[in-house]
Amino acid sequence: MIPAPFEYARAASLEEALSFLAEHGDEAKLLAGGHSLLPLMKLRLATPGVLVDIGRIEELQYVRDEGEAVAIGALTTHHDLSRNPLLRRQLPVVAHVAGQIGDPQVRHRGTIGGSLAHGDAASDLPAVVLALGGTLVALGPKGRREIPASEFHNGFLETALEPDEVLVEVRLGKSGGTGWGFEKLTKRAQDWAIVAAVAVQREDAPGGVGVGLVNMASVPIRAASVEAALADGASVAEAAELADADSDPGADINASVEYRRHVAKVLVRRALERALAGPAGGDGAAGAAGAAGGAGAASEGGSS
Amino acid sequence: MSILGNRVLRREDPKFLTVGGTYVGDLELPGALHVVFVRSPLAHGVIRSIDTDEARAAPGVVGVFTNADLGAGPMTPMGMVNQSMVRPLLAEGRVRYVGEPVAAVLAETHAAGVDAAELVAVDYEPLPVVVDPVTAAETGAPILFDDVGTNIAFELNFGEDPSFFDGCDVVVRQRILNQRVAPCPLEVRSAVAEMVDGRLRFHASTQAPHDVRSTLARYLGMEESAVHVVSPDVGGGFGAKGGVYAEEVVVAALARNLNRPVRWTETRSESMLGFGHGRAQMQDVAIGATSDGKIQAYRLNVLQDCGAYPDMGAVLPFLTRLMAPGVYAIPKVECSSRSVVTNTVPVTAYRGAGRPEATAAIERAIDCLAAELRLDPAEVRRRNYIATDAFPVTTAVGTEYDTGDYAMALERALEVAGYEELRAEQARRRSAVAPDLSSEGAGGGLAPRSKQLGIGLSSYVEITAPMGGGEFGAVEVKPDGKVVVRTGTSPHGQGHATAWSMLVADAMGVSLEDIEVVHGDTDVVPRGGGTMGSRSLQLGGVAVSQAAVEVVDRGRQLAADLLEAAPDDVVLDKTMGRFHVAGTPSISRTWAELGAASLDRDGQALQAEVDFEAPGPTFPFGTHVSVVEVDLDTGQVELVRHISVDDAGRVLNPLLFGGQVHGGIAQGAAQALFEEFRYDADGNPLTANLADYSFVSAAELPSYEWTYTETPTGKNALGVKGIGEAGTIGSTPAVQNAVCDALSHLGVRHVDMPATPVRVWEAVSAASSSVPAAAAAARSEPANATNGGA
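These protein sequence lines map, in sequence, to chains A and B.
Quick note: to get this note's numbering, add 710 to the position in the first sequence (first position is 1).
Quick note: to get this note's numbering, add 35 to the position in the second sequence (first position is 1).
Treat the hints as calculated values from the structure; they're not laboratory data.
Check the hints yourself; a few may be wrong.
[What the hints assert, rightly or not] List of simulated lysine to any residue pairs, SDA-like, C-alpha gap at most 20 Å:
#1 A:Lys752 to B:Thr302
#2 A:Lys752 to B:Glu585
#3 B:Lys609 to B:Ser546
#4 A:Lys752 to B:His145
#5 A:Lys752 to B:Ala146
#6 A:Lys752 to B:Arg303
#7 B:Lys513 to B:Glu585
#8 A:Lys739 to A:Arg766
Use the sequences and the hints to build the structure in full.
Given below as structure tokens:
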């Protein structure tokens, strides 16, 4: 439980972080909240030569209304996302999901940028950003570039980020998430999802809905077949039957492949029902279900 | 008015809740060297060589040691167990489980030790691995101890009577897994050793400091008088800190051999692979009854997984057997067992140690019988309880129960639970709801449409202080009036300081604040059995209580001398803490005056020492009712209510009683629903950290509905029984029965623990795809069929 020796550099600014990365190249690894990287280092499964700590760069901690989009600084913690008034008003699904991650300690340390850049398929926020059709902003020596969320996760713990780039911002269109549903199946409240599904109403999507899946492949994925079926006029139940069509789940101590495929259908159906429920019934029903949901069964949704 | 029976707040808590305790790892020991163990990555293999050269040369390294360097050990099994299955302190020639210590690095800092441990090169030749105890018991299985030639470490056979089930209208059989769990105390293992004036001083995180003293002396070849063990605050043990671990002996050996202070605190990851595991039984039950549900015969065959070396785990079936019939009057009971070694972490005592396994088996068997006979599980229990007027009673396995009132506990629990209403709600949900993925719910469909209700019962009786033995207690009055209590039972969370103070305050009329409870130092407390098997109050508490009574007698004698009165005329005013002649309260002697006078008179302190030996163990009992909701679509189980009625004789302090039950229910429910230590077929642990191992948290548990009754025992003057393990014993089968009950209408008869989502979903899927076949296979067999179990 002691990491291999490493150098440590704390970046006081984004500029300084970029220069550290340029200096150390592949040897360097960015440290934000540390909740993914540090355990790997303690197990000596990750042995970066240089740890560039960006955790104190305040300029990357924000949630801003930018007209068409909400811009979220990469170092905004899950806790801050969950409490942010703008998100709770405009994109309540983001606030809600962030508030369900891990436990309070994790939420006070973990960041949205860290979650996305680590790229763990079992993390919740990447699936939400995918469902919302978000855009990720990276900054590097060659400047700033925007990467669609759908092109960000390339493979198991692999992203489109270059070694000298920093993920600085997540941009989410405001059209997403008026009606939404999030269904997360966990062993215990603080665990990663065995499977989770998020559904959001989106004016810009053909079927009017975006659907994301957690832990159903080596990367966070969208349930594109479900979205397409809805666009073609399928019922929620019919569309939900396609929940695993775009997936490639693995087996582990918590679930078989068959179980994951089955549960994905159940959770997508439930998430869609919540997301598409009429404004009248949505909030009340969601609130009641949320209060009843206890150990390991976080499910909530709403509409406005 | 007596303080006994009152809800006195724990004297221990202000410290723990503010500045915190002082644990072994907190001790400051300038210049101490740090031990880091090199552990086997292989479950089974021959050690061809161990190259320590590079590690020795690493910065900060003082030495690297293998077993031959230690001059200590090996560790030998308990008496009943195959004596050839010895354990070297560090693996020698062969490794038998992942995590087994192979070499010890001694370094100036912990970090230097961890770095150097990576440099120790061990050349292994892999051997075939056996993880499953069923396989391990079969001929042709990989053998862990070649010279023994079998994996069987211990057997209890009490014969198989072919006419055993004659006269039974129905016989129900079930194989039940009581899975392997990890105890996970907050404080992991930790040890500090140093030589002081030629003696070994050893700080241990233990439940039994005096046992540590004798065990270390034996394995180190030292006189017991040359070993001084101190146990400071201990952050939980749950039975698994009841013995001495190889690593602890290594720490002591290195300190002695090098004559330098040495310390070791394991990481959580090490703890999961080195600290003893619990339970790990495969049980085959067969229960025979008349058609009206009267049990005639019960057979329990236990296959106990010992892990790689037979520790306490090997003899758990002995305790299981003692309690096999549970609360029921069963004319014929057979219990046989076989304990086998496997390439896994050694199994040891874990909260209840063999008795929860007995309760789980019989309580599942009762529910299976009830399902077979289509009787209410509560009614089957009623028809079979040992009658309240039958006590003391000797069961068919020869265990003598002291007192009990099992029917009363059941009725009380059913009343609190609202049993009839629960059954009505269950029926309503069953008839109203069909699990159907393809149907869209009417009326918005936002409520989960497939949550079934399950109601589970468990009536338990357990044996506390099962291993007998006595306990030491002493009470001394200091010249300033303070009272020092010395006790041989060393607590690790139970609240001894509060409980013992109450007993002393009640006997002597001194205030709690003036009482100091001393434990855990073998130079201060001469003897002690320790805290395990729920034995503390009924042995250690009684010893302290008796010592206080003796001190009162001596105080009275002394006061009589000072007051120039006859002792019989002198009374103790407990409200004032003073002795005076009856009718003349104005002339009195305080405890302080008597403490000083005793020293003045002959240099002897005013004190008493007692070694209390009970005439036998005691048998607390109760009934738990558990209510679960099962989501048929996902298999997820939620524990929504847990009702417990517990009876541990006379209650000293309901707060402490309730605390023990509270934690016990959590641990028991956790076994039923969440926890399982798992290996793959190659012996690689799959749950070696707290992310993968589903240690329960408060978020998964409801608030309990707890109540207690008092049926005193005659085995001690206080009338008290133990309560440390009852919560765990009662809760596990109640929760498991509730899960099975929720699914029973679907044709599911049994779901093994833990009832995880995938396991429940698979059980439901299997039953719904073949209801007639599953029902037929699971139901009764001919009464004279031979038992196919291990």
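Against the structure, the hints come out as follows:
Under the criterion of a C-alpha separation no larger than 20 Å, the hint pairing lysine 752 (chain A) with threonine 302 (chain B) is consistent with the structure, at around 11 Å. Of the pairs offered as hints, the one joining lysine 752 (chain A) and glutamate 585 (chain B) is violated, with about 57 Å between alpha carbons and a cut-off of 20 Å exceeded. Distance restraint check for lysine 609 (chain B) and serine 546 (chain B): the Cα-Cα separation of roughly 10 Å lies within the 20 Å cut-off, and the hinted pair is therefore satisfied. At roughly 14 Å between alpha-carbon atoms, lysine 752 (chain A) and histidine 145 (chain B) fall within 20 Å of each other, so this suggested pair holds.
A C-alpha spacing of about 12 Å is found between lysine 752 (chain A) and alanine 146 (chain B), which places the hinted pair at or below 20 Å, so the restraint holds. Distance check on the hinted pair: lysine 752 (chain A) and arginine 303 (chain B) sit about 12 Å apart at the alpha-carbon level, within 20 Å; holds. This hinted pair checks out: lysine 513 (chain B) and glutamate 585 (chain B) have alpha carbons roughly 15 Å apart, not beyond 20 Å. Distance restraint check for lysine 739 (chain A) and arginine 766 (chain A): the Cα-Cα separation of roughly 15 Å lies within the 20 Å cut-off, and the hinted pair is therefore satisfied.
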